[in-house]
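Chemist: Residues per chain are reported as follows:
2 protein chains.
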Amino acid sequence: MIESYLKQVGSCVEAWWQRYLAVDSASPQSPLYESMLYSLNAGGKRLRPALLIMAYNIFDNRPIDIAHPAIPYAAAVEMIHTYSLIHDDLPGMDNDDLRRGKPTNHKVYGEATAILAGDALLTNAFEIFFDPSIGVALPYERRAHAGFFLSKAVGPSGMVGGQFADMVAQGSSSDSKTLLKYIHDNKTAAFISASLACGAILAGGTADDVNRIAKFGMDSGLAFQIVDDILDVTSTAEELGKPAGSDELLDKLTYPKLYGIENARLEADKLINSAIESLEIYGERAIILREIAKFIGLRSR
Amino acid sequence: MIESYLKQVGSCVEAWWQRYLAVDSASPQSPLYESMLYSLNAGGKRLRPALLIMAYNIFDNRPIDIAHPAIPYAAAVEMIHTYSLIHDDLPGMDNDDLRRGKPTNHKVYGEATAILAGDALLTNAFEIFFDPSIGVALPYERRAHAGFFLSKAVGPSGMVGGQFADMVAQGSSSDSKTLLKYIHDNKTAAFISASLACGAILAGGTADDVNRIAKFGMDSGLAFQIVDDILDVTSTAEELGKPAGSDELLDKLTYPKLYGIENARLEADKLINSAIESLEIYGERAIILREIAKFIGLRSR
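Same order as they appear, the protein sequences are chains V and F.
The first sequence lines up with residues 0 to 300 when you count with numbering that gives the first Met the number 0.
The second sequence lines up with residues 0 to 300 when you count with numbering that gives the first Met the number 0.
No lab work stands behind these hints, which were simulated from the structure alone.
Be aware that one or more of the hints could be misleading.
Claimed, not checked - The calculated SDA-like cross-link candidates involving lysine to any residue, where the alpha carbons are at most 25 angstroms apart (straight line), are:
{"no.": "1", "chain 1": "V", "residue 1": "LYS151", "chain 2": "F", "residue 2": "SER24"}
{"no.": "2", "chain 1": "F", "residue 1": "LYS251", "chain 2": "V", "residue 2": "PRO30"}
{"no.": "3", "chain 1": "F", "residue 1": "LYS101", "chain 2": "V", "residue 2": "GLU247"}
{"no.": "4", "chain 1": "V", "residue 1": "LYS251", "chain 2": "F", "residue 2": "ASP93"}
{"no.": "5", "chain 1": "F", "residue 1": "LYS151", "chain 2": "V", "residue 2": "GLN17"}
{"no.": "6", "chain 1": "V", "residue 1": "LYS256", "chain 2": "F", "residue 2": "ASN272"}
{"no.": "7", "chain 1": "V", "residue 1": "LYS176", "chain 2": "F", "residue 2": "SER26"}
{"no.": "8", "chain 1": "V", "residue 1": "LYS180", "chain 2": "F", "residue 2": "PRO30"}
{"no.": "9", "chain 1": "V", "residue 1": "LYS106", "chain 2": "F", "residue 2": "SER24"}
{"no.": "10", "chain 1": "V", "residue 1": "LYS176", "chain 2": "F", "residue 2": "LYS176"}
{"no.": "11", "chain 1": "V", "residue 1": "LYS151", "chain 2": "F", "residue 2": "ASN94"}
{"no.": "12", "chain 1": "V", "residue 1": "LYS151", "chain 2": "F", "residue 2": "GLU13"}
{"no.": "13", "chain 1": "F", "residue 1": "LYS151", "chain 2": "V", "residue 2": "ASN40"}
{"no.": "14", "chain 1": "V", "residue 1": "LYS251", "chain 2": "F", "residue 2": "LEU84"}
{"no.": "15", "chain 1": "V", "residue 1": "LYS151", "chain 2": "F", "residue 2": "LYS214"}
{"no.": "16", "chain 1": "V", "residue 1": "LYS151", "chain 2": "F", "residue 2": "ASP93"}
{"no.": "17", "chain 1": "V", "residue 1": "LYS251", "chain 2": "F", "residue 2": "VAL107"}
{"no.": "18", "chain 1": "F", "residue 1": "LYS180", "chain 2": "V", "residue 2": "PRO30"}
{"no.": "19", "chain 1": "V", "residue 1": "LYS106", "chain 2": "F", "residue 2": "ASP93"}
{"no.": "20", "chain 1": "V", "residue 1": "LYS180", "chain 2": "F", "residue 2": "GLU33"}
{"no.": "21", "chain 1": "F", "residue 1": "LYS176", "chain 2": "V", "residue 2": "SER24"}
{"no.": "22", "chain 1": "F", "residue 1": "LYS214", "chain 2": "V", "residue 2": "PRO30"}
{"no.": "23", "chain 1": "F", "residue 1": "LYS256", "chain 2": "F", "residue 2": "PRO131"}
{"no.": "24", "chain 1": "V", "residue 1": "LYS214", "chain 2": "F", "residue 2": "PRO131"}
{"no.": "25", "chain 1": "F", "residue 1": "LYS251", "chain 2": "V", "residue 2": "ALA14"}
{"no.": "26", "chain 1": "F", "residue 1": "LYS151", "chain 2": "V", "residue 2": "ALA14"}
{"no.": "27", "chain 1": "V", "residue 1": "LYS106", "chain 2": "F", "residue 2": "MET92"}
{"no.": "28", "chain 1": "V", "residue 1": "LYS151", "chain 2": "F", "residue 2": "LEU84"}
{"no.": "29", "chain 1": "V", "residue 1": "LYS251", "chain 2": "F", "residue 2": "GLU13"}
{"no.": "30", "chain 1": "F", "residue 1": "LYS180", "chain 2": "V", "residue 2": "LYS106"}
{"no.": "31", "chain 1": "F", "residue 1": "LYS106", "chain 2": "V", "residue 2": "ALA14"}
{"no.": "32", "chain 1": "V", "residue 1": "LYS176", "chain 2": "F", "residue 2": "SER29"}
{"no.": "33", "chain 1": "F", "residue 1": "LYS151", "chain 2": "V", "residue 2": "LYS251"}
{"no.": "34", "chain 1": "V", "residue 1": "LYS106", "chain 2": "F", "residue 2": "ASN94"}
{"no.": "35", "chain 1": "F", "residue 1": "LYS106", "chain 2": "V", "residue 2": "LYS214"}
Unchecked claim - Over the 12 angstroms line for every Cβ pair with chain V, so calculated as not near, a few chain F residues:
{"no.": "36", "residue": "LEU20"}
{"no.": "37", "residue": "ASP87"}
{"no.": "38", "residue": "ASN94"}
{"no.": "39", "residue": "ASP96"}
{"no.": "40", "residue": "ASN123"}
For every residue, glycine included, the Cβ atom is placed at its ideal position computed from N, Cα and C.
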């Protein structure tokens, strides 16, 4: 059920950005668009777009096809996710050669193009929130509110701040559990939570609705990152699509490092349960979101 | 008159972002904000913010102080300009050590922080267009329209596309005049034009007004870049605040290279005159914009 949902949303957002980012192949910037689409189409679970659509559909249940009014915004969050991965992989950052089993953007197109491709995807993602031709279906207030929530979550007071703190913590002797939670909350959970909140906001959810959905996102997002930390220790490179054990190699602050693998699993389970509880009030309408939270928890087993 | 106008707008935007980007100095992301503010406060003419305010004031003449309703957006365009400079200077791009006579962001804070500081400034700039607490003075429609114009102008179909084409053209045997105009139009003029258009849109200008102001921006923006090319050939490092002759060193496509210095000057003059004509209709109200266009032209002498 979840796998097919992710695939369905995935094919919608892929079709959507294929059209949105179409450009005359003879134009000077055409290879830049090619590099953007290379990373966008290099796979990935499409988790954030799916979460946005799932949250939207709690309040305004629509068929999942390319005409769904929130598909452009679902594409936008994946564009932001992809920009963050391209920049994260750069030689000046984590210097990764592989991502999802494929050469990273800078390995294929060179460092300068990778920097610009990331910048371009980030800019285009916000453009979608402003674009009058896209937004006709949804009021300006909702789009601005969603854009505000999202930009907060992925800027220096959110994801970029988390990446920065993560980098600074690498190799330091710091073993602060508070710092680790700060990093994971900001680097991962804030963006997952904002993707969900965007869905609720765009569908016209109340402030209470948005808070509940955002809380679900912070809990399950933190669980997601803890599970990622665990998988980096317990999986093979083939399973991960990138070298395993890279966190340890980089001396990163992680849950398994500070708490041990079994305690990290217990913490993830606790967060998943708390996340699921937040959505009980929506009954059947939120069943898929509760399922996906369970799915995140099971990945660590 | 122009110098004092630039200074006045400059001190308003500086005061504004000093408050907007204030963060607890004990927080993990505090050094990231410090690096953002380092580049924001490293000088610069504050040309784009001033142009935005000048265009705004044609349609809604307000005193230039921190309470001016367009100051946050003027700050936003300078944040975007600063992000583009930080990324442009990176080792993976132009690899510049000096900018405005000071060490570049990555020389002071390291490459990874410089990448993130650029990402953060770009994200924060768009956040300003969404922020409900900032926008109370201006309707959502205007802010979204301005944000759309701006994001188009600085993304892959604008500034970032121009930077990409500029980079690809370096060292190539290409001497296409069409390509050179594409690069300058997109790398420089589109953003200058959008800064002006944002001002007109935010102040409630009509579609005709916005077109006129944007045309003024494209003409004077291209002239500005041609003059920059000329100055790179004719100035000393001290005058420029960065090494002179770097365009030639990088084998960049420039107007002096393709047309010769004197013809480049004539082309700039022609564009300046065309720009000035576009604004005749506003009479006294646009006097400062016509002055600034003349000022751009005179820089090349």
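Chemist: Could you tell me which of the numbered hints above are not met by this structure, giving the numbers in increasing order?
Modeler: As far as the earlier hints go, 3, 4, 6, 9, 10, 11, 14, 15, 16, 22, 23, 25, 29, 30, 31, 33, 35, 36, 37, 38, 40 are violated by this structure, in ascending order.
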